[in-house]
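S.K.: These are the residues of each chain, in order.
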Amino acid sequence: MIVAGQTPLKVSLIAVGASLLLIVVVFELIRSRRLRERYALLWLLTGLVLLALSAWRSGLNTIASWVGVETYPPAVLFAVALLFVLAVLLHYSTVLSKVTDQNVILAQRIALLESDLRERESESARVEASATEAQVR
Amino acid sequence: MKKIAIVPAYNEQGAIGAVIDEIRAFDCEFDVVVVDDASHDETARTAREHGARVITLPFNLGIGGAVQTGFRYAAEHGYELAARIDGDGQHDPAELRALIDTVAADDVDICTGSRFAGAESYRSSWSRRIGIRILARTVSLLTGQRVTDTTSGFQVMNRRAIELFAEDYPHDYPEVEATLMLHKHRLRLGELPVRMRERAAGQSSIRGFKTAYYMAKVMLAILIGSLRRRTTSAEDS
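Residue numbers (this note's numbering), protein chains in the order written: chain A, 1 to 137; chain B, 138 to 374.
The set of hints was computed from the structure by calculation and includes no laboratory data.
Mixed in with the good hints, there may be bad ones.
[What the hints assert, rightly or not] With a straight-line cut-off of 30 Å between C-alpha atoms, the simulated DSS-like cross-links for lysine-lysine are:
1. B:K347 with A:K98
2. B:K321 with B:K140
3. B:K139 with B:K321
4. B:K321 with A:K98
5. B:K321 with B:K354
6. A:K98 with B:K139
7. B:K321 with B:K347
[What the hints assert, rightly or not] Okay, the calculated bits of chain B under chain A, using three or more residues with CB under 8 Å as the criterion:
8. 219 to 230
9. 240 to 247
Nothing here was measured: the structure is a model prediction, and the numbers come from that model.
No residue lacks a Cβ here, since even glycine has one placed at the ideal position from N, Cα and C.
The shape of chain A in the complex, shown without the other chains (with noise of 0.2 Å):
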């Protein structure tokens, strides 16, 4: 029978440290307005969890033991940090798309008021031009 393998407490340790940091990174950039609270949530919640999986060394070697990983439990700390990093840069993917999309929008509008613009003063210099005309007359 296989023993299911123990984390090391050195490891837990750095562990937890490592999130307590990315906790603290994260809060301190939405304090000085770096980083917007909805953007910000996604980080909030990957800390947490890593914090919860690295501090709860029962917990993380039960659940390494029901997916099939016998010898080394620090090795789902990596997945489960590998899979939240995987759904932010989803996630940002799909906020560069719609800033995209945004961007696209503006430059059409900019471009087509511009051109208005241009228009309308064209338009009021030869009124303008034909007024001074009729005066000089």
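Knowing the structure of chain A, use the given hints to seat chain B on it.
M.R.: Coordinates of chain B only, in the frame set by chain A:
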């Protein structure tokens, strides 16, 4: 009937003047709008000197975004008929007559000038021809009607099509997706053979490695586009 010619142009100072003059010579009732896609040369000034209305984009949007700007202009200014003509001189405005007649007779909502529908063969590299062929077959299959030239940007359309395109137009390499979009919105598509000239200046935007990227991107768009829920047209709702 208010008519507009939409001419997208990117660095076409050598060709744009002649294109505008030819449109005017073909039918002086056409208002010509040149959408200058942030050209680095004197495209905008040349076009203005030839009497066209010029809309200059603040940065390069690519053909889809540029053409859509023209459609938005046409929609906002109440045009009832729009012709789309490339700024590089490969479309001969004299060929517009048949396209306009079909749309004006309300036989179709949009009519495309095809290089391949007629007998005249269009000279092009074999890889390009195969690519165009595959796309044409796919689009024909999906729309249930014969489409021979899915990459042609030589089109005439009525108000319905103008409004649809002003609202939503695909980016990058738009013609294939636009055709499918029209079909989904139940607009009537037509196709007539036209002769196209060799480009007067400049180069095609699709060549070399880009051909593969183009095919992959368009195929993905076709695949996903056909999975999207059918948009119901105004009459259905």
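S.K.: Does each hint fit the structure? Answer for all of them.
M.R.: Evaluation of the provided hints:
The suggested pairing of B:K347 with A:K98 holds, with an alpha-carbon distance near 24 Å, which does not exceed 30 Å. Between the alpha carbons of B:K321 and B:K140 the distance comes to roughly 26 Å, so the proposed pair stays at or under 30 Å and holds. Our distance criterion of 30 Å between C-alpha atoms is met by B:K139 and B:K321, whose separation comes to about 27 Å. About 23 Å separates the Cα atoms of B:K321 and A:K98, which keeps this hinted pair within 30 Å; it holds.
Simply put, B:K321 and B:K354 have alpha-carbon atoms about 20 Å apart, close enough for the 30 Å limit, and the pair holds. Distance restraint check for A:K98 and B:K139: the Cα-Cα separation of roughly 35 Å exceeds the 30 Å cut-off, and the hinted pair is therefore not satisfied. Under the criterion of a C-alpha separation no larger than 30 Å, the hint pairing B:K321 with B:K347 is consistent with the structure, at around 28 Å. Using a Cβ-Cβ cut-off of 8 Å, 0 residues of the region 219 to 230 of chain B lie near chain A, which falls short of the minimum of three, so the contact claim is violated.
Check on the region 240 to 247 of chain B: 0 of its residues sit with their Cβ under 8 Å from a Cβ of chain A, so the three-residue criterion for coverage is violated.
In summary, the numbered hints that this structure violates are 6, 8 and 9.
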